[in-house]
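Engineer: Protein chains in written order, with full-length UniProt numbering: chain E, 1 to 342; chain G, 1 to 557; chain U, 1 to 262.
One thing to keep in mind: the hints can contain errors.
[Unchecked claim] No farther apart than 30 Å at their CA atoms in a straight line, the calculated lysine-lysine pairs in the DSS-like style are these:
1. U:Lys73 to E:Lys301
2. E:Lys25 to G:Lys444
3. E:Lys223 to G:Lys87
4. G:Lys141 to G:Lys239
5. G:Lys486 to E:Lys25
6. G:Lys87 to E:Lys228
7. E:Lys25 to G:Lys453
8. G:Lys489 to E:Lys25
9. U:Lys141 to G:Lys87
Keep in mind that the hints were calculated from the coordinates and are not lab data.
What you are looking at is a predicted structure, and each value in this text was computed from that prediction instead of being measured.
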Amino acid sequence: MGDHSDGTPANSDAVAKAGHNEVDKFQDPGLPPHRLRLADTDPKAAKRAERQVAILFGISIVGTLVFLLAYFGIRLDDTIATLRLQNLFMGLGIGFAMLGIGTGIVHWARALMPDHEVSELRHELRPEADRVAAVQIVDDIVEETGIKRRPLIRNTLIGAMALAPLPAIAIFRDLGPLPGNSLRHTLWKKGERLSRDPDGTPIKASDVTIGSAFHVIPESLNKLETGKLNEKAKAVVLLMRLNPEDLHPSPGREDWSYNGIVAYSKICTHVGCPVALYEQQTHHLLCPCHQSTFDLTRECKVIFGPAVRPLPQLPIAVDGDGYLVAQSDFHEPVGPSFWERG
Amino acid sequence: MSTITEAPFEPQTSAGRITNFVDQRVGGSGILREFGRKVFPDHWSFMFGEVALYSFVILLLSGTFLTFFFDPSMAETHYTGSYIPLKGVEMSVAYSSSLNISFDIRGGLFMRQVHHWSALLFVAAVAVHMLRVFFTGAFRKPRELNWVVGGVLLILSMAAGFTGYSLPDDLLSGNGLRIIDGVMKSIPVVGTYISFFLFGGEFPGNAIIGRLYMLHIMLVPAMILLMIAIHLFMVVIHKHTQYPGPGRNDGNVVGYPLGPVYAAKAGGFFFIVFGIIAFVAALFTINPIWNYGPYDPSPVSAGTQPDWYIGWVDGALRLMPGWLFNIPLEWHIPLPWGVNTLSLNVLIPALVPAGIVFTLLFAYPWIERWVTRDDREHHVLDRPRNVPTRTAIGVAGFIFYCVMWAAASSDLIATHFQVSLNDVTYWLRALFFIGPILGFIIAKRVALALQRKDREIALHGRETGRIVRLPHGEFQEMHAQLDDYKRYKLVGFESPVAEEGIPNENGIVTKTERRRAMLSSFFFEDRVAPATPLELAAGHEQHEAIEAGEDAKEVSH
Amino acid sequence: MKALSQKRRHPLAALALLVLGLMLTGGLYAIATTVNAAKADTTTSSASQVKEGEKLFVANCATCHGVGASGTKAGPSLAGVGAAAVDFQVGTGRMPLQMQGPQAREKPAQFTTEQTRELAAYVATLGDGPALPAEEFIDGKGDAAVGGELFRVNCAMCHNAAAAGGALTRGKFAPALAGVSNSHIYSAMITGPQNMPVFNDANITPEGKRDIITFLNTIEAQGSPGGAALGSVGPVSEGLFLWTAVLGVIIGFTIWLTSRTS
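Kindly generate the complete structure, drawing on both the sequences and the hints.
Structural biologist: As structure tokens, then:
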């Protein structure tokens with residue numbers, strides 16, 4: 001574009017600031033002349049296209065047969081390999097069956113059906129007279145109801161209509177129970193043993209060596225008849241052991257750990273994913289969903305990501321048999337924040 | 001009411017006889033006369049709506065198959081199917097039946113993969129179709145309402161996708177539901193109640209799968225069908241838009257008649273889309289639920305992400321910092337009855353970006369109409385370069401979306417490009433603000449540059465690569481002039497100019513009007529006017545001189 | 001240099017460069033000794049293994065871990081890490097460390113199996129630690145379903161449910177587990193290399209570890225029933241594939257469909 005053969009300054013860069021001249025406009029030259037295709041002029045080409053379309057339809061027939069063969073011919077025998085084979089050939093079969101038909105029809109349309117572009121006039125959506133009449137009718141109807149002249153009727157109607165959907169909302173009340181304070185309690189209570197997820201065997205303090213991470217559930221969880229997942233969703237805990245000098249407990253929480261063993265809720269305070277990624281050298285806990293990072297050495301304070309609150313700590317102790325037990329429930333609700341949390 | 005004496009019409013062909021038979025009983029000849037030869041313009045970018053429609057049809061077909069075998073119960077069971085690594089594992093009936101569809105029902109795995117791939121394609125096609133409509137200005141009068149219907153369809157398609165994603169009750173979708181639960185609980189005042197009502201109590205409860213199933217197979221598809229019907233009805237009323245070009249204007253529609261060419265192409269295209277999806281489902285695994293295991297609130301898998309169309313919201317959740325310069329974004333508000341919690345760290349990313357995107361999306365036709373004061377019907381599309389500001393706004397919005405979208409895969413970006421996860425987040429946070437601005441500036445400059453190139457070509461023709469030496473020794477490259485048809489394509493567009501505020505009847509330019517004038521200059525200040533015949537003529541005089549010189553040279557040889 | 005440029009922004013870049021220089025020198029030295037060591041008699045008793053291991057250690061490891069493996073600023077003490085740790089770190093090529101970084105990367109092992117055993121035998125004498133896994137627990141003949149449950153609870157959050165790997169903080173990551181030998185998987189669980197937690201026998205019993213290994217072997221051997229797995233990293237790769245490949249093919253067809261034939 002650098003070459004301007006007319007020798008004048010590059011007026012193509014002109015950025016017009018004024019209105020343009022309506023008269024000085026290119027006139028629409030109309031539709032370009034129709035250009036014939038090879039198949040329109042050469043009967044051989046037309047014949048060739050016809051054969052190609054037929055071949056494509058033939059491919060489709062073969063594809064359907066391949067599907068049927070794969071469905072009835074391949075016996076599933078509990079191995080993944082046969083399943084993969086069947087899926088592959090059924091898919092390829094349908095794929096060819098469909099693509100054969102599709103490309104065949106399209107090729108037929110492109111090469112053999114008339115390809116004259118047609119110009120059709122658009123009509124106004126509605127002639128103005130119609131529109132005037134319609135507006136008039138609506139105005140008349142509104143006028144005849146007298147709704148504008150009788151505000152009492154209008155206002156009470158609006159009131160009635162506004163209230164009418166309320167039953168439709170109220171009727172859904174029994175979709176679920178009210179929250180109550182169920183979000184504030186978990187299965188953990190004084191003396192509840194910490195046990196391994198998923199088998200529920202209790203954990204001895206001596207089992208937890210430095211650098212370990214145990215995924216923990218309350219011992220009584222697996223004995224629940226109903227609502228097991230609901231309780232598990234609140235009660236899961238991650239148990240780790242650090243050097244005691246790496247822990248920096250705040251006043252009042254010094255005895256919540258045992259010999260460097262600490263237990264924290266596994267439920268992210270952001271939106272509730274399990275924060276289960278423990279880096280045993282940096283002592284960071286990472287949530288795999290939104291990357292909130294918690295510092296275990298500083299009572300799981302948030303050091304990165306969208307979470308605000310630290311993970312709740314479960315106070316633990318050791319019972320007479322050397323098993324780890326909870327001192328109490330969590331001291332605050334676990335998991336994501338909610339309006340009533342306080 | 002023909003009289004007996006009149007000889008009844010007897011068609012000569014068998015197709016004709018069938019048509020006649022049906023028409024005498026149903027009376028469809030009016031419809032056929034209206035539609036049989038209706039003209040549709042042809043362009044590849046017009047096909048995405050059809051891709052969406054066809055993938056929806058495929059979704060209905062494959063989905064129906066799946067409902068015959070899927071059991072949306074959350075009752076506990078032990079898996080007894082043939083997938084060895086899950087034998088005997090405790091799981092819900094919903095997950096177990098999904099596994100059975102995958103492993104023990106012939107063709108079940110294939111249908112699941114067809115269903116899921118076409119779901120991804122459906123939403124993608126809707127999105128690409130809307131991008132096409134936006135960038136070509138097809139939303140302008142009289143199609144504003146159809147644009148809104150399209151936006152509703154986009155939201156519905158996302159809802160359909162999400163409710164379906166959760167049904168297998170696997171670990172991945174269960175953690176997705178848990179995130180939804182956490183987001184809902186952050187809603188002030190009613191959030192906890194909404195969560196309890198949706199899940200039938202505490203998360204996860206045993207009601208959610210059944211409820212989502214009902215939404216997924218009845219309510220949402222029914223609404224989509226209704227919206228599609230309205231959408232297509234309006235397309236018929238408006239007739240299709242067309243790209244600018246010789247012979248095309250707002251008063252006509254140029255293309256192929258529905259029967260046979262367009263119908264054949266469109267019908268054939270259904271089979272093509274189906275075929276492509278079948279190939280993909282044959283060759284590529286999607287949503288391997290057997291990898292994820294049954295839902296259990298304790299485990300989670302690295303790389304827990306939603307399907308692509310929810311990704312941008314998940315990305316926004318990831319980008320939002322919980323603490324802003326030591327200010328926590330979770331507020332504890334003391335109220336007379338106690339302290340209430342406001343989780344801005346969840347609410348803002350969950351609501352604000354989606355709010356911005358959808359508000360602007362729905363309002364844009366009216367915004368542009370107000371700025372341009374353009375009340376005419378438009379049936380000829382804009383080439384994106386000829387409306388630089390709209391194109392730039394679209395690109396900025398697209399980048400805004402894409403940054404959040406990328407953020408949803410921050411962990412995979414980190415592992416695959418061997419960079420730090422935290423650095424990826426920091427960069428994306430910066431891009432969240434800078435990206436759309438850069439995108440706007442660059443897109444606008446590119447559009448203006450392309451317009452200048454068009455002008456150049458319209459006035460001076462294409463470079464031929466032929467170098468000519470003039471009598472006085474100068475070398476010049478010869479340019480081949482365009483023919484009238486090709487030139488018209490480059491010059492046949494409107495280029496509005498920025499408007500001053502218009503005084504009202506009292507001669508006062510109101511505040512609203514001044515704002516409109518500001519927006520108008522934002523839209524149209526930078527403009528490249530289309531080339532005019534006068535400019536062309538001025539150029540031609542020069543060219544003719546050169547060409548004459550060349551002829552003279554040839555004679556002298 | 002491409003690998004280096006990715007690390008350039010790291011605050012420890014200068015230190016890394018220094019260590020790299022040292023490593024290169026050490027590496028050359030190591031190659032020289034490797035050649036010598038390869039000639040050593042391989043049918044020696046345990047005592048001579050320890051002796052050979054000590055020689056290898058002094059030549060290749062003592063720079064960072066200190067003479068007698070008592071640890072320096074550049075590398076931790078190895079007393080009590082056990083033979084399993086050496087087997088994992090050296091056997092997978094993570095040690096000797098190529099360069100400082102967020103974490104040691106797997107690379108072709110620098111020592112032969114025999115030399116690794118000698119090193120392990122030597123380090124095992126420095127203090128009690130996890131021994132090499134017994135053959136019966138790494139035979140991959142446990143219960144894949146039980147192993148799968150254990151894997152999802154204890155491993156999937158870092159390594160991904162299909163063992164495809166995942167990201168940790170600040171450039172660290174949990175590697176994919178395909179292609180890792182059973183004995184290395186077992187060693188990793190009992191020793192907790194780098195930032196991986198330790199899964200001692202009280203946490204996951206040896207039988208449980210055997211089940212996990214069986215699970216990993218099973219899913220690796222069977223492959224994906226639905227065709228190519230797209231990296232097994234979940235919806236992101238599926239979405240990416242759709243937006244690039246599938247949509248690309250569809251656009252190709254639309255262009256063909258709407259173009260005129262010649």
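Engineer: Evaluate each hint against the coordinates.
Structural biologist: Taking the hints in turn, this is what the structure says about them:
As the CA atoms of Lys73 (chain U) and Lys301 (chain E) are separated by approximately 28 Å, the hinted pair is consistent with the 30 Å bound. For the hint linking Lys25 (chain E) to Lys444 (chain G), the alpha-carbon distance of about 25 Å falls within 30 Å, and the restraint holds. Among the hinted pairs, Lys223 (chain E) with Lys87 (chain G) is consistent with the structure: their alpha-carbon atoms are about 22 Å apart, no more than 30 Å. Under the criterion of a C-alpha separation no larger than 30 Å, the hint pairing Lys141 (chain G) with Lys239 (chain G) is consistent with the structure, at around 13 Å.
Of the supplied pair hints, the one linking Lys486 (chain G) and Lys25 (chain E) holds, its CA atoms being roughly 15 Å apart against a limit of 30 Å. The suggested pairing of Lys87 (chain G) with Lys228 (chain E) holds, with an alpha-carbon distance near 21 Å, which does not exceed 30 Å. Of the supplied pair hints, the one linking Lys25 (chain E) and Lys453 (chain G) holds, its CA atoms being roughly 18 Å apart against a limit of 30 Å. Taking the CA atoms of Lys489 (chain G) and Lys25 (chain E), the gap is about 13 Å. The hint holds against a cut of 30 Å.
For the hint pairing Lys141 (chain U) with Lys87 (chain G), the CA-to-CA distance comes to about 15 Å; that is within 30 Å, so the pair holds.
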